[in-house]
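Novice: Sequence:
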Amino acid sequence: MVRRKRRASGFEKIPVREPFLLVEKHPQLVTAVCLSILAALAICIALNAGQTYLLPIAVALVFAVILAP
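Numbering-wise (the numbering used here), the sequence shown opens with residue 1 and increments by one.
Worth flagging that the hints you see were computed from the coordinates, not collected in a lab. The beta carbon of each residue, even a glycine, is placed where N, CA and C say it ideally should be. One thing to keep in mind: the hints can contain errors.
[As the list claims (entries may be wrong)] Simulated restraints, written as ranges between beta carbons of each label pair: (1) I66 <-> I45: 28 to 34 Å; (2) I43 <-> A68: 25 to 31 Å; (3) K13 <-> A49: 43 to 49 Å; (4) L67 <-> C34: 42 to 48 Å.
Assemble the whole structure, with the sequences as input and the hints as a guide.
Specialist: The structure is reproduced here in structure tokens:
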């Protein structure tokens, strides 16, 4: 019987540990980037959820400042 030749995948050229080198060298930087992305998403969601309430409150604050004196 003849042994079949193993097919080479396209991923053999990429070293296995290469994607993890950035995390190993700069863990604080990766954490800071991830947390800033999550914070930006949270701000967008909060503003989108409060959009119906934000305009009347802003108008009330503007009129309160104008009519206060």
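Novice: Now look at each hint and say whether the structure bears it out.
Specialist: We went through each hint and held it up to the structure:
1. Between I66 and I45, the C-beta spacing of about 32 Å keeps the proposed range 28 to 34 Å intact.
2. Range check, I43 to A68: about 30 Å between beta-carbon atoms, so the 25 to 31 Å window is met.
3. Here the CB-CB span from K13 to A49 is close to 46 Å, well matched to the stated 43 to 49 Å.
4. Our hint of 42 to 48 Å for L67 and C34 holds, since their Cβ atoms are close to 46 Å apart.
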